[in-house]
Structure formats: structure tokens, C-alpha cells
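A.B. asks: Here is what each chain is made of, one letter per residue.
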Amino acid sequence: MTPLTLTVNGIRHELRVDPRRSLLDLVRDTLDLTGAKKGCDHGQCGACTMIVNGRRINSCLSLAVSHDGDEVTTIEGVAARSAGEETSTADAPALHPLQQAFIEHDAFQCGFCTSGQICSGIAALEELAQDLPSLVTVSGEGFRNVEDADALLEEELRERMSGNLCRCGAYPNILAALRQVMEAQR
Amino acid sequence: MKPFDYVRVGGAEDLAQASAGRFLAGGTNLIDLMKHEIETPDRLFDITRADLPTQDLASVEPREDGLRIGALVTNADLAASEQVRRRYPVLAEALLSGASPQLRNKATTGGNLLQRTRCPYFYDRARACNKRQPGTGCDAMGGFNRMHAVLGTSEACIAAHPSDMAVAMAALDVRVETRKADGTKRSLSLDELYRLPGDAPEKDHVLDPGELITAVVLPAQVPSRQAYRKVRDRASYAFALVSAAVVVELDAGRIRNPRIALGGVAPRPWRARRAETRLEGQAPSRALFLQTMTEEFEAARGHGHNDFKIDLAPRLVADMLGELTETTHD
Chain A
1 MTPLTLTVNG
11 IRHELRVDPR
21 RSLLDLVRDT
31 LDLTGAKKGC
41 DHGQCGACTM
51 IVNGRRINSC
61 LSLAVSHDGD
71 EVTTIEGVAA
81 RSAGEETSTA
91 DAPALHPLQQ
101 AFIEHDAFQC
111 GFCTSGQICS
121 GIAALEELAQ
131 DLPSLVTVSG
141 EGFRNVEDAD
151 ALLEEELRER
161 MSGNLCRCGA
171 YPNILAALRQ
181 VMEAQR
Chain B
1 MKPFDYVRVG
11 GAEDLAQASA
21 GRFLAGGTNL
31 IDLMKHEIET
41 PDRLFDITRA
51 DLPTQDLASV
61 EPREDGLRIG
71 ALVTNADLAA
81 SEQVRRRYPV
91 LAEALLSGAS
101 PQLRNKATTG
111 GNLLQRTRCP
121 YFYDRARACN
131 KRQPGTGCDA
141 MGGFNRMHAV
151 LGTSEACIAA
161 HPSDMAVAMA
171 ALDVRVETRK
181 ADGTKRSLSL
191 DELYRLPGDA
201 PEKDHVLDPG
211 ELITAVVLPA
221 QVPSRQAYRK
231 VRDRASYAFA
241 LVSAAVVVEL
251 DAGRIRNPRI
261 ALGGVAPRPW
271 RARRAETRLE
281 GQAPSRALFL
291 QTMTEEFEAA
301 RGHGHNDFKI
311 DLAPRLVADM
321 LGELTETTHD
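As given, the protein sequences belong to chains A and B, one line each in that order.
Using our numbering, read the first sequence as starting at 1 and increasing by one per residue.
Using our numbering, read the second sequence as starting at 1 and increasing by one per residue.
Keep in mind the hints are simulated off the structure, nothing from the lab.
None of these values were measured; they are calculated from a predicted model.
In this text, a Cβ means the ideal position worked out from N, Cα and C, and glycines have one as well.
Only some residues are given here: those of chain A computed to face chain B with a beta carbon under 10 Å:
#, residue
1, Arg20
2, Asp41
3, Cys48
4, Arg55
5, Val138
Chain A with its partners taken away, still in its complex shape (with noise of 0.2 Å):
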């Protein structure tokens, strides 16, 4: 068993993991936060996203024990993290605006996939506030300065939510709650 410290929706734990566990597994099964989805298992779906440091990540293909010192936050705790980092679990908002979108515009059907697609679409939606390039756009003006930027701006969420699988095909709705998100944030 290896030592570990995480700190997780801004709760901090000490924990001695066996080092086969992955993120997710140790996120799910010991410390009960059971938002985050296995899927695939193996890094292909997205259900497992969460948000470490700042960066999504597939939590399935990490181990618990190369994460010692680092800041996860789940779906439990992306409310919490809109509100900014001293707003306590208590007095934040319910939702993330993001998972209001979700509600508002029935981007989900089953809802396994539904965790990862907020946590990624969370984290896609500041990577593009922070000019981080894609392949729709790394080549080009930037789809601000493209004449079709509806167009644009559609192919370039859809490159940077690919690593999220959705089998109910909820994309359009998922899409549109991005979206709306996104230009309340403009």
C-alpha cells in the first residue's frame, strides 16, 4: 500500500491505496463519489472525466498514486467550483450552470455518459477562453474571425467534446447546452 494525498471537491484525504487502483476506481469505491462513470474502462468513452489540476483526464487511465498532492474535482463538485474556490459546499449554487444547460435543453437520454460530458465540456469550454488551439482552428484565423462562425464554431465544439461517447445520441442537445453556456460566458 502506498501513501497518498488527494484532495477531492476541495476536501483533503490521506489515504493508503493499493497502487494497481486507478483514480476512478479509488474516486468511486473509497471515497463514494459514484458520478463519475467506468465505461470502456480503457479510456475510449469519456464517462470517467474528471478535472485534475485545472486538466480533464480519462480517471480510468490513472493510477490513484501518480495523482499524490493534485486537486480532483467530479461532477459532485463542479457546482462548488463555479462559485470560485472559497465558496464552501454549503453555500454554493446548486448547479453548474453547464449542468443547468444539461436540464434545459435534454442533452442526456440514459445518462451514463452524462457526468463525463460536463466535466469535459466544463474544462472544453475554459480551454477555449484560454485560446488553447484545436485542429479545427490551430491552422486558421480562429473561429472569431471566420466569416461562417456558426458553422465554425459547431465542427470546433464537436472536435473538442470527441473524447466524450454518447450511444443514446444526444450530441445536438449536448451541443446546444455548450452553446448556450458558452455565450453567457462571452
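Since chain A is already given, all that's left is putting chain B on it; use the hints.
C.D. replies: Chain B only, in chain A's frame:
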């Protein structure tokens, strides 16, 4: 997953025993292979927080007019690097063509180079695979081999190298810097790093056990026209059927210093050196591009499902050369 000893590498002193295990960086391929019990290391050396005094693993920095990329720089950070986007756009495009945003946030420069093939028979322990278990045969031959290689293969293995990043790096003539367990250093080209399968397909590369990639060095770049293009079965998040990185200069209407690397067609990023030699100094024409690349693929051998690559790859590169040199005529 088989049990293993986990070692957090702090400094160089922790690397002395590294030949007894495997290095863990982003883990996006290694952890998956360990779940499948295709990789079963006794000891895992986690280098994600390693600090080597003279070999910075974590940053991108200018060096002798080129660029030195620490081995732990993530694919996402490298693609976002202003230096890379401005001076080596082919590399940024290749990086962003690979995997998904989540994977690029973890996958590292060194790990990307050393990732294993995604041949489905390599991953399926119920099937014969000389790369996974030498001497058992190759079920990809005569099997479902749409994704497989047509150049540089052997009777033992037709697996393709999966990286996009490495294809761009091949066209940029990078050097790979390594550090052996005893502290000695060396520098390799990608052609020196990767071996062709021959009769030992289990060995992807020439690195010794415990030898760590510390950096990739991009040489100085004279202003050139660069592009990366990837043909795949869906628009995003899929491995290449065929991809190509092309770097070329034009001088008084003549092609200068063309560098062409292909992905998805060989066990390693494939430099089309014969075509490059033929194109040097020529006046660009679409017919010349297609003819030259078709000749490059004369030695190619398809295995049924992947025969189309032998036509697709030359056409892809010819089209890219046409676009980069603004050539519309035959």
C-alpha cells in the same frame, strides 16, 4: 492487473535500478496494456515528478536556434506552445490530430514516441501475435487488417505505428535524447530509435532497459511550407488509415529540401526518402508528385483489407505537395 512495486522517482539516484522495471509518465497506453496484462512490469518507476538537474523533463525551451522539448511535456501543452505553432505548425497539427483532449492532457512527448501498436490482435490475448508473444504467429495476416502496415513489414508482423506526433517529428528530423540507467547519454534520430519488425517484432525500438527518453530536440527550421493531414474512418478521435507530414521549401520555382513522412503505413513513421531525392530541385507538377510517390510505394505489400493504402498514400501526399507548392497543373 498484476501486482507491481511502485517507485516515485525524485531525482537521478532513483533511476539507478530502472532497468528492472518500466517508466510511468502519462500512462494512457501503459496502464491500458497493464490492465490487459500485455505489459506486466514487476516495478513501475513513476517519473511524473522526477527532477533531473541537467535534463529538464518538463519544459519547452529554445536551443541552438531549434527547440528542446522535455519528455514529460504533454501533447496538449506542446500543441499549445507558441514556438511550436509558429515555427513547426506541422507538429501542432499532428499533435491535435491524435487521440482526444482528455488523453492529450496526460500523454507525454516521450510516452507518445514509445506507445505500442493498436493492432487488435496484439491486444487480444486469445489470438496469435508475435509482437506480444514471440513465435505464436500473426493472426492479422489473413485477418481483419484494414489498419495495418504495407511498408517495412515482415513475415512475423504487419502492425502499424499509431503515433501522429512521431510522423511530424520524422519530417522535422528531430533528435531523441536519452539517459541510460548508469547515467550515460545518447542522441538518436527516429530512424535509429525505431526498429523494423524483422524476425523480432517484440522489440519496437533500440532503447536499453532503464534507458529514459529525456527530450526531443527540433532542429532549426528555415522558413518552409508545412502540413499534416490524416485520413481516418471518423472525423475525430480515430487512428490514421494513412497520415502524412510534408515539409518543403520553394526556391525560384524549384523544390528544395522536401521531407515527407507517412503514418499508418509502416511499423514506424515512414520517411519517403526515395521520393524526396527525386523531387529535390525539380519544378513542381501534380503529375510528378503522383508518379514519384507511386514509385515510393512500389515495394508496398497489402494484405487484403489494407490494399487501398497503396493507392491512397501516394495520392494524399501528391495532393498535399500540390497544395503546399500552389501547383494546379500536371
